[in-house]
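Here the structure of chain A is known, so what remains is to put chains B, C and D in place on it, guided by the hints.
In case you want the letters, here they are:
There are 4 protein chains.
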Amino acid sequence: MTSLPIDPDLIAAHNAARTRTLAEDYDALGHRLARRGVDIATVTAQVAAFTVAVPSWGVGTGGTRFARFPGLGEPRGIAEKLDDCAVIQQLGRATPTVSLHIPWDAAPPGELRAQAEALGLGFDAMNSNTFQDHPGDLDHPLSYKFGSLSHVDPAVRAQAVAHNVACIRLGEALGSKALTVWIGDGANFPGQSHMGRAFERYLASMQEIYAALPEGWRLFSEHKMYEPAFYATVVQDWGTSLLTAQALGPKAACLVDLGHHAPNVNIEMIVSRLAHAGKLGGFHFNDSKYGDDDLDAGSIDPFRLFLVFNELVDLGESGDAPTYMIDQSHNVTDPIESLIRSADEIRRAYAQALLVDRAALGGYQEDNDALMASETLKAAFRTDVGSILARARMDAGGAIDPIAAYRESGYRAKVAAERPAVRGGGGGIV
Amino acid sequence: MTSLPIDPDLIAAHNAARTRTLAEDYDALGHRLARRGVDIATVTAQVAAFTVAVPSWGVGTGGTRFARFPGLGEPRGIAEKLDDCAVIQQLGRATPTVSLHIPWDAAPPGELRAQAEALGLGFDAMNSNTFQDHPGDLDHPLSYKFGSLSHVDPAVRAQAVAHNVACIRLGEALGSKALTVWIGDGANFPGQSHMGRAFERYLASMQEIYAALPEGWRLFSEHKMYEPAFYATVVQDWGTSLLTAQALGPKAACLVDLGHHAPNVNIEMIVSRLAHAGKLGGFHFNDSKYGDDDLDAGSIDPFRLFLVFNELVDLGESGDAPTYMIDQSHNVTDPIESLIRSADEIRRAYAQALLVDRAALGGYQEDNDALMASETLKAAFRTDVGSILARARMDAGGAIDPIAAYRESGYRAKVAAERPAVRGGGGGIV
Amino acid sequence: MTSLPIDPDLIAAHNAARTRTLAEDYDALGHRLARRGVDIATVTAQVAAFTVAVPSWGVGTGGTRFARFPGLGEPRGIAEKLDDCAVIQQLGRATPTVSLHIPWDAAPPGELRAQAEALGLGFDAMNSNTFQDHPGDLDHPLSYKFGSLSHVDPAVRAQAVAHNVACIRLGEALGSKALTVWIGDGANFPGQSHMGRAFERYLASMQEIYAALPEGWRLFSEHKMYEPAFYATVVQDWGTSLLTAQALGPKAACLVDLGHHAPNVNIEMIVSRLAHAGKLGGFHFNDSKYGDDDLDAGSIDPFRLFLVFNELVDLGESGDAPTYMIDQSHNVTDPIESLIRSADEIRRAYAQALLVDRAALGGYQEDNDALMASETLKAAFRTDVGSILARARMDAGGAIDPIAAYRESGYRAKVAAERPAVRGGGGGIV
Amino acid sequence: MTSLPIDPDLIAAHNAARTRTLAEDYDALGHRLARRGVDIATVTAQVAAFTVAVPSWGVGTGGTRFARFPGLGEPRGIAEKLDDCAVIQQLGRATPTVSLHIPWDAAPPGELRAQAEALGLGFDAMNSNTFQDHPGDLDHPLSYKFGSLSHVDPAVRAQAVAHNVACIRLGEALGSKALTVWIGDGANFPGQSHMGRAFERYLASMQEIYAALPEGWRLFSEHKMYEPAFYATVVQDWGTSLLTAQALGPKAACLVDLGHHAPNVNIEMIVSRLAHAGKLGGFHFNDSKYGDDDLDAGSIDPFRLFLVFNELVDLGESGDAPTYMIDQSHNVTDPIESLIRSADEIRRAYAQALLVDRAALGGYQEDNDALMASETLKAAFRTDVGSILARARMDAGGAIDPIAAYRESGYRAKVAAERPAVRGGGGGIV
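Residue numbers (our numbering), protein chains in the order written: chain A, 1 to 430; chain B, 1 to 430; chain C, 1 to 430; chain D, 1 to 430.
Only chain A is shown next, with the shape it has when bound in the complex (with noise of 0.2 Å):
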């Protein structure tokens, strides 16, 4: 039997005092939707099976390499990390797995397993972890200061393949799926690096790890245009991402994280072009306004949300669906907090995204009609679907307001007298 953290009471209780206002909106927005055709119990039901994995280490509170500012109550190891998770998942019903970074969350398989059943949790995708050094750490005595799977020195690629071969085979015995493999791989200055080596010694490496991936699995490559190498970057955007993905075959894939791309790139078109290619294979959602500034899903420009979720939606399922997993860092806000509503707005921008009218889309994009093809897009946009969210919510068990349940709860306050109070200085992240 499960050991939830919040008590289902105070749910229930959080939600009667809601009920009867959501049932308005819900029934006048069925009403409206009913009139364009849309039955809003199909969309309802669509939602609540969309779901979005949770990093492990997005409920620390997360710094920039000028200062980290911790919160109350910050957990200490991988069992509160996934409390915290526990937490999200109950509240908002949009996250039942999380997401493990390795060796961060290194521990005996036998009894996370334990404690995510207990807690009602699975495992996503795995994370390795090559762009730290990991002092103390025995499988890691060699420094990635000038790259992991890259490295000039064929033995510290050598030790970059083994650790992420090991991430597999914890996530063997987690029930994962997925390897997701980000680098931190790069240049400072120009000439320090030979472009053409590095990315053969990358794909060299990759190839090990791939070969020792088990039957089922999946192998993302993500990209990123820079940071923390700030000259030129080893996997620098979606192009070398897809020559890596072809290079290893079948199992590889292409994950897009939407902070990690050169200034007004449209992202949504990168989506398309990855699924026409066969190789879109998952996403990091946060939001951005200047670099990979990991914000809160939607925060910033929910519109390109939308736009991304409107190419999912018209890819359909064909072959293997898309990854889905936020990546945010959190510095000024409560973790669980952020990605409750993190959770919640990406799937605000799907069910908006399912509510365009594609037959009449299609029609405007046939004639040539950019004025109402465009109002058609922005129309499903508009509607206010947060009556679909909750009710999804509610249903699944979770609360209506799940923020306001969760401070309700007390959770935070409770962690905060158990968990030591860390106080900030240098820079950095969880």
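What the hints contain is simulated information worked out from the structure, not anything from laboratory work. Incorrect hints may appear among the rest.
Listed next, the stretches of chain B that the computed footprint assigns to chain D, with coverage defined by at least 3 CB atoms under 8 Å from CB atoms of chain D [claimed, not checked]:
id : stretch
1  : 21-31
2  : 300-312
3  : 330-338
4  : 366-379
In this text, a Cβ means the ideal position worked out from N, Cα and C, and glycines have one as well.
Coordinates of chains B, C and D only, in the frame set by chain A:
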């Protein structure tokens, strides 16, 4: 026998007045290079062998959407454009070929060929134009307002394909060996165009063009992030261009225009990646600070131009060498002067790249000595190779200071007297 | 008595078919807003009072430097442009004024005024044009190729000043109260222009124009990062525009065009800073993804438009209210349709900004509750205020669905029959 | 008497082996410059007089939010940092002053002063730190998580003001003459902070700091577009910095960090505008390709650095000269080496700017001869002034090739033996 536009005596007199100073500088540089173990004569010969095509449209004054301000003596057709191109080649000796734009330059091939031969010119890649309507042109009854090779209407696609095939046929008659395809197809609004289907239509059209390629020809796809389409462009980046070239076959490759990228993008890395994929086909050189500014090569960021050539020299002559062309818009300068100096700047970057001590660089890369690797490139870039460029030019019959010689020649005043003045109003290109 | 271009009976019939549905939606929204303590009638009245000027040049089809593809029934002069503007106002009821561009719209003021009055239109800010040459215009014998108000030649500066003064005089006769000055002056190459002296010459010219302002007039300086100048623009950002307005005096203020900024810039923050400095003069609304794309307002990033209005509503009516104008280039849509919906989008953003719970927001800001502050803005933005916009329109005599009503009216076909067709070729603007 | 860290005999031997080659190059360059009417001795003297401050924190290895990879012999405190700074100055002779960061470098002023004097160093502008918490520091009981000088809580603002005043007091004791204020205050989400009120609070705090300035001091406000705040930064650009300096008074001016701007921004133009406004206070030199990459000056875009110095030389010595400082993060190089070469690159750009033929340039500008104006700048930039830099260094007692001499000295190995090794893990800055 040839009838070159500039009096050879003028060039001879020009050079006579500068020979001693050039020899001084050339010898001093030769002395310095010899200290590094570099033979200046070898470098000079490599530079002399390096050429870049000029675009026929580049000899007219360009403009923006706001205005075009024509200069004096604007060429009125391809015959006068070839005359101007001959001036550039005669004085600069770096640009023996011209790239035509059809239908702007459409003319009987026999006439074109005869004039070019008389002027000592050849023909580089052909360029089709389906980003404008051609009123009065019987081959273009349909409008490209909503696209060309990716248009929803098969009739428009067929017209655009036929035009490209006609460009190939004309090119065959002229001795050209390649077709460059750049289209403006895209969308100004989310929803206007179905991104996936538009790309599929584009690929199908390109396959028809590819099928019409003669033996020994190449087909270049050229990407561009935006403009004229302002939300989504069908061939928006090198990833999409790569997918295109992969879908077409071995005669197809990608063409990189330096101004067609998102802000901050590392272009030399794209060069390296396309070479890795065996799909680096050619270049359109220019410089830019904001968007596709089409400024004179090397005028804004000369180190970036050097870094591109550093990759090219490093790649060496493996496989098909890429095609080099200038593609600029000369809005405020005499186009002949801008093209002379741009070709010179391109050769300068090439010469500097030849001076990179690659053995030392490779050693620093192996040692992760980022600082000395960076300094090794900078040392080559800092070398003032002007006397090498001048010597190569002079030895080939050109002018030591080609801009000065051009001004001394009075060519612009002469053609201004022959060609009617135009006063600019609205915007546009030639 | 007026002679409006669209038959009022058509509008009445159009509305009759939609009144019940609108009432349903309006009442449902009113009910929801009442729950939040907001009176929908008050908001509707505020929206009805909010207007934005349309640019006379916006009713013609725009283009890029590559091409212009005219639509059917392009207006041939200011009289036909005013007719088209009257359609926009009659159906949308948000755009009672027109902003003229001189010399494009030069005409006897009596005629302009009479026609405008007959159509129920007034005149907003005047716009001068010194970024193009005006061949055949006796007031413009000198070329603006190398600048206008900052030109090195005092005669060109004097010509440009005189033209601006003439715009003021015409504006006086028309009832306008402001002059907007945007110049294309700048440089394409480092060194081409002395940045400091060019700015000093610009300021001196602006001081002459300022001296010619009538009582009650305002002078707006409009900045733009680049285009048509591609290395340096004299009035490149709000900092330089601020220095200008400070140097001129109390009648001078800054005008913000949403598309004239560097990538990633936070525009709403510029609005806040200019308001702090007492120099927020006005807006040119449009949307963009890359550069000065001049797309329909709210079509690319509607949340950004909302955030600008969030600042404006927060600033309230302290001091002179800024001037609002649309400034777009309609390349692929019917310009009348784009202007109707853009005005609607601007009102939508305004309406949503009115719904922000500012007391709650202020409290969250005091508490550093970043998440709830963010959600407070999002809650307002997510509200589908379409029925408020439609109600305000209908009550003022406009159409519930103005685009549909426009299409029903057959206006475009009617003027296409009267106005000769134009087939586009080279690039440019109207 | 001084006790410099590098054995003078080593430097002498180093130079002896290179004197003849240097003389050869210097004479050849002198000959070429004489042909242009330039006296190389004069330029050498100007270069020798040009100095730039090094930041105390720059001698430690920097990092990103992802990781920090310390080098060997990391300095453990301000005393060891000053030793390292002395190496930079002894070999490079371009950096006689150090800029301190408080509280990182807090120490008894007498000790600091004595050590600096012994090492031949002085103190440049002081830097306060309110972008991090300082656990255990009794002067900083309150957290800066949500801001400092603009915080909503007056107590936090008072703490931050007091810290800045303490920095001034310490600076007075050290002989410094300026305080540079950079804050990380801002917001990660729309709504989190009231943009107008935050700026007003910032101004009020700055006014308190300004009031504490001694006679002869200057206060620099430093803007930055983003990071650590990712939606809105209180002092985001030069416009806001200008408003600040204007509000404070004549002792206040703006400081330009080359990496703190939006993509594509023309920085040299900002230099020109701030000089026009009388508010150009100082510089933080570094280079960048993407964001605030803090790479070695001149390593990415050396022409941009030259163009900044072209403005500075053009401005001449009118009024207070700006303060020059390096501000970089050395993640993959030996910080001492990076600082030596960065100072050299800065001097290189200065020397090249001195070589611009300003009379010719002015003439071309008057003639609108864009091409020759551009070439005039390029001619100066292309000049390899390395021998001038080396000569100035050698004459002042430094090394002809300071990086080589540093490596010959074995300094790093020596301090690595004395200073305990650190193994990096999480991210951050020194």
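TODO: Determine which of the earlier numbered hints do not hold for this structure and return their numbers in increasing order.
DONE: The structure conflicts with no hint, since it agrees with every one listed earlier.
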